[in-house]
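Chemist: If you want the building blocks of each chain, they are given just below.
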Amino acid sequence: MPRLDIKKTYKLFIGGKFPRTESGRSYPIKDEKGGVVANLCLASRKDFRNAVVVARKAQAGWANMTAYNRGQILYRLAEMLETRRDAFTAEMQVLGLSKQQAKKEVDTSIDRLVYYAGWCDKYSALFSAVNPTATAHFNFSVHEPTGVVAAILPEESPLLGLISTLAPIIAGGNSVIVLASQMKAISAVSFGEVIQNSDVPSGVVNILTGEGQELLPHMASHLDVNALVIARSGVDLKELMVASENVKRLIHWSAISTEQDPYKILDTQEVKTTWHPVQESASSGGGY
Amino acid sequence: MARLFCFPLVLPAMAVKDKSVELASVPVDLMGVNDRIARIKARSIKSEAKVAGLHMALSMIDLTTLEGSDTAQKVRQLCYKAIHPHDELEGIPTVAAVCVYPTMIRTAKEALKGSAVRVASVATYFPSGQSTLEQKLEETRFAITEGADEVDMVISRGRFLAGEYAYVLDEIKAVNALCKEHSVDLKVILETGELGSLDEVRKAADLALLADPTFIKTSTGKIAQAANMQVTLVMLEAISDHYDRTGIRVGMKPAGGISDAKTALHYLMMVKEVLGEDWLTHKRFRFGASRLANDILMQLRKQQTGLYQSPHYFSKD
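As given, the protein sequences belong to chains A and B, one line each in that order. Going by our numbering, the first sequence opens with residue 1, and the numbers climb by one from there. Going by our numbering, the second sequence opens with residue 1001, and the numbers climb by one from there.
Please note that a few of the clues may not be correct.
Derived pair list, reagent style DSSO-like, types lysine-lysine, alpha-carbon separation capped at 30 Å [what the hints assert, rightly or not]:
(1) B:Lys-1046 - A:Lys-11
(2) A:Lys-17 - B:Lys-1046
(3) B:Lys-1316 - A:Lys-46
(4) A:Lys-57 - B:Lys-1074
(5) B:Lys-1046 - A:Lys-46
(6) A:Lys-272 - B:Lys-1316
(7) A:Lys-17 - B:Lys-1041
(8) B:Lys-1046 - B:Lys-1272
(9) B:Lys-1262 - A:Lys-17
(10) A:Lys-57 - B:Lys-1222
(11) B:Lys-1283 - A:Lys-17
(12) B:Lys-1283 - B:Lys-1050
Hints were generated in silico from the structure; no laboratory data involved.
One chain only, chain A, in its complex shape:
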């Protein structure tokens, strides 16, 4: 007897939960032949606002975890994705990728997660500095997460584009709200399930689906978002600067959106420089 397919309802991923958009809107994703593959949530500015609230709550706890622990969790993401290779490959084939392309996309994504997992407890050692001074002081420059980051993902490369943007941002202790590829977003939504199974604290990663044009102005103008990563080509940056009334970092990755690079971690870091007197305990007794 033929079995009835159980279709997945693709929803948003906000604060470790899978809510529908508060707006109740949706849009269809189509395959090559024009058949509807799935209906996705058309996220509204209020969904984005809700995501910022949970991302802000989660950020400090994530940043205060040890770098080693963050690395373990990123590695766990890779493990979880590995066990679901076939499912992700099949899903991307529905979107029109060849089996070869889909496999490569998934495998590269897994390797990329391992790559950034490794960087978690190393970038700070490599890029921090002890700076020269002319007085009896130490002067250090160290990296700290920027905070809450919003990112708009590339339109192509549904999974690798997500991972290559997400991983360097969270590896450095930021929380993130990503707006997935508009027409190929189902892989991103499915990746929410991987995140939920990997000890990533709720709210650290939030995934929205919808229209870039509608949401970008709100991503740019929200005062509680510290950085905006543009990993999609064809976005007018000037327009976004006008929209922001605040001092927000605007980071442009569209040319390197699917590449791996430790400097991508630094893009969402702030450098904190601090002075510390050299202790002369024997002679001065002061020094502090």
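For this one, chain A is given, so just place chain B on it according to the hints.
Modeler: What follows is chain B alone, placed relative to chain A:
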């Protein structure tokens, strides 16, 4: 007005020393309460009405700090916030009162001098209330002498749960008499989170109302289960019935756990629906809260600028 609870109450109106008070049981329809609240929460207020509602909610806040770690400077800072909630916003009201422990009244009075913001003090061995009547009266007297405009007392929940209603009522009456004598407003905290059920909340509210305090109040804010819309609705209904019976308008103060502007607006809708316009004033309705003020201010700024705000740009009390 359609009511959910229309049970007439027959209660002895005088203080009953050493006799048990017979409280008519007013059963609360939990499904009805939840349904009504669900309907209120489904509504949304927009634009000018929202701004007006937010202004009203702000003017009804008792800005509260009740910590063992309170210092004079922290209280002064809170008082500054009470008078200047957010100077970037023009034409916003001050909050209604600052609520502190008795030892901080003098500091608060000094800091609020010249403003309309009142000083409320908790008393009667807040938050547990585990003490004798003499000591509770002594603490209330101290708060009044220090200059409190309002006193927030706690009822003896243990006695109430043991069925010693007369004892609890006499206690409230004694504290109320002392406050009235000095024209100080009394709020009676039921600590609904310790009462177990909405039926008991209604009973405690009816009991407290027998003493005609200025306000009845849900919670101390010191236990996990603080104010929610359910207990507030039940207490508002009790106030409504009390008004129908006596013509006396007692105020209401939900406290603790109300931290966002949207919820505050829902409370105001509920007040307007159950009690009407007469209660939409800080003289008859208050929010006991500390985080709520900032969320209201953020919403007001959002209405003004069209931009979502960050808590970083608002003072932390």
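Chemist: What are the numbers of the hints the structure violates, in ascending order?
Modeler: Violated hint (a single one): 11; every other hint is consistent with the structure.
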